[in-house]
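Q: Which chain is which? The protein sequence lines are Z and G, in order. Everything in the first sequence is counted per this note's numbering, starting at 1 for the first residue and increasing by one. Everything in the second sequence is counted per this note's numbering, starting at 722 for the first residue and increasing by one.
Hints in this document: simulated from the structure, not taken from any laboratory. Watch out, some of these pointers could steer you wrong.
Said to hold, decoys possible - Now the stretches of chain G that chain Z is said to cover, found in silico as 3 or more residues with beta-carbon under 8 Å:
#1 780 to 789
#2 808 to 815
Said to hold, decoys possible - Pairwise CB distance ranges, derived in the manner of DEER restraints:
#3 Lys795(G) with Asp499(Z): 38 to 44 Å
#4 Arg692(Z) with Lys795(G): 36 to 42 Å
#5 Lys795(G) with Gln704(Z): 31 to 37 Å
#6 Thr642(Z) with Gly730(G): 56 to 62 Å
#7 Lys795(G) with Tyr639(Z): 54 to 60 Å
#8 Gly730(G) with Arg692(Z): 50 to 56 Å
#9 Gly730(G) with Asp450(Z): 56 to 62 Å
#10 Lys795(G) with Ala702(Z): 31 to 37 Å
#11 Ala678(Z) with Lys795(G): 38 to 44 Å
#12 Gly730(G) with Leu522(Z): 55 to 61 Å
#13 Arg689(Z) with Gly730(G): 54 to 60 Å
#14 Asn577(Z) with Lys795(G): 26 to 32 Å
#15 Asp462(Z) with Lys795(G): 30 to 36 Å
#16 Gly730(G) with Lys470(Z): 44 to 50 Å
Glycine included, every Cβ here is placed at the ideal spot set by N, Cα and C.
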Amino acid sequence: MKKILGITFGGLQKKAVILVVIVMLLSAAMFVAVTAYQNNTLVKVVAETRTEQQKAISESSDATMRKVVENSLVSSTALQANLADNDFAEIIGWTRTLQTMAQGVLENKGSLSQIPVGLPDPALDGVSSAYVLCEEGVDPSRSEYLGYIAHLSTPMIAMHGNSDKIDSCYIGLCDGTDLCVDEKSAGKLDESGRPIPFPVRERPWYVGAMERGDLYFTGITVDAFTHELLITCAAPVTADGEAVGVVGIDVILDGVSDFIANSAEGNKAYVVNDRGEVILGPDKGGVFEINVQSEAADLRESGNAELASFVRKALEEPTGLVTVTIRGKAYYMVGTPMPTVGWAVLNVVDKERTEQAEKLLLAEYDRINDEASESFRRETAKTNRFGIILLFGAFVIGLAGALFAVNRMVKPIRQMTESIVECGRSGKPFEMQDRFRTNDEIEVLAESFDDLFRKIERYIRDITDITAEKERISTELSLATRIQADMLPNIFPAFPDRDEFDIYATMDPAKEVGGDFYDFFLIDDDHLGVVIADVSGKGIPAALFMMGSKILVQNYAMTGLSPARVLEKVNDQICANNREQMFVTVWLGILELSTGKLTCANAGHEYPVLKTPGGRFELYRDKHGFVIGGMENMRYAEYEITLAPGAKLFLYTDGVPEATDTEGALFGTERMLEALNAGSDDPPMEILRKVRAGVDGFVGEAEQFDDLTMVCLAYLGKGGA
Amino acid sequence: MNIEMIRNGRSAVITVDGRLDTMTSPEFEKYLNENIEGIDELTVDCEKLKYVSSAGLRVLLSAHKRMSAVGGMKLVNVSEIVNEVFEITRFSDILNIE
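Okay, chain Z solo, but in the shape it has when bound (with noise of 0.2 Å):
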């Protein structure tokens, strides 16, 4: 583990460290993806609102605009078309009048005289006057009619003053004179004074007039003299059915239509008679341009089918708003027809006019929109800056943070580790720290270490003095083993000044003590006390019992009292305190050194073994008493048995015959008289080895679960063997 700035890295610390940084890096992604995917959606639902709402504006804008212009232009025509058509009415008025009159006066020229009618008189210039203009060559005095129309020069020239809109009026005679009346007599004669010639006949209202033989207008006529263009309202003058001249009125253009004049760039008003000419119209070139009537198109029959349906229908009744397209541009068109005069009022309007204010409210919204979007990705610029800042901010003081607190988690860990580890290389415990109490699962684990120390030491101490407890028992135990062999006559051979008798004995105890003994003792000098006994149970219970039975037996028999009622003594003494209901098996026999007679008596003990002399090892199957310490006053037969010289008694306790091998098979009493037989002979010592060896031989790897103890006496009698 690395070391850096006092922070140890590794270990726990990495891996903590290691999942801070995931975590952070994960909200930091989360975070980078989420405001990317806001940014994109808000500015693609910029980018569709926008294009919305200009479809929108743009839709809205330009039905509205249509409407607007539609209400606006409808009205206006018609009121044009009104204002127009009266215009015009009132020329035709003027021009029925005039025909009527004329044709009154010639109808009755009977009762009229022929009055003379001067030539144009420039001093009358400037005012209405009536003079006669002829064609060339043709003599005013010889007309059939003039003298007669001349009557007419009053009214007309009442006419002419009454009416903005005459220019002039006349009546032409189908002899080639006219009488005129206006206010330009000037204009009608040349530089001589002589009066410039007139073709009355060859003018176009003349002509229309004749050929129609009704209401005439002209289209646009240049004027005979003046050469302004004019129109003129003509009406033919019949006199006895036939058609002998014409009366016409010149329109002052100027003084009909105003609007047409004053409509201007955008909004233009035309005029377009039955003939489909623009008779009126601010246009100098286009379409709608005006020409005089010779030149004049026909815009029924327009090229473009657009215009020449709207135009013709405009000739019949009110169109409505029709868009029409002239060279690529589309106009707003309506016209209304002027029902006096059979013509249509037209107003035209740019239809780019009428987007105009669309466009800029379109240009204004994008404006607005660019700006905001600008605004907004400045500003989400701005915020994604701030944002990495942040993030990065949040990262360092994040992995300081974890660094920090990771350390501060993982210090008592490891102070705790070290501690550990140096308290198993010391042996020391493991102590609980004011550094360890961290309140959470450390603590809780110093305070285990602590407690779980603690315990190993004290369960070492426990340990350290069981095993001393053990090894002082040990001690006590193999002094007590020796005290208690010590207490058993074990120096051989134990009476060396005998030569009646050899005697050996042993006894291994199972466990350190036992409860098996032997004892042999002379109560005089002519009798030899033989005991073998076994108390029940082993160990140290048994041996306290032992050494308490050993020295009642011998104390009772040292008394001289016979076997039985040693063992009837002792058995009392025993009963009388024996709370624990030990007992113990009890053989005793007392030699007559002298004579050979063993008296004996059994408590319960195992059968002696006997050899008479040559003979060989058998049991010896006598009278049994109870066991010492079992019921109080037992009473115990005695038996006697009259040992030659020679004679051997082999006396065991249980452990022998009941020896146990590892297959649990019980040694028993027939393979211990076959290892007694095997060298029934030999002296005492060399008999007992052999059994020992018998039942070593049997038992094998066997536990020895019982004392094993042996006596063997050999009688040699008197004077020895």
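With chain Z fixed as given, assemble chain G onto it according to the hints.
A: Using the frame of chain Z, we list chain G on its own:
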């Protein structure tokens, strides 16, 4: 060693299976102390009893004395080997062996 007891009112039959020696006798003694309270007549079935050592004899004697004060204790189905032990030690004179 296995010990089983079938109780029938104030009498009971105890079956001892195995050896009754120094190692197992304390267990038998403990079992008797805990289970023969309130029993007047106790039968010890020795059919499966393979061996009795002096320690086992002590426990049997103890039980015999205790049962004698209330009702009695008898041993049944005693095997030859076990009986020999009883004979040698003369427990056969004290215990009720059937």
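Q: Run the structure past the numbered hints and jot down the numbers of the failing ones, going up.
A: Per hint list: 3, 7 and 15 violated.
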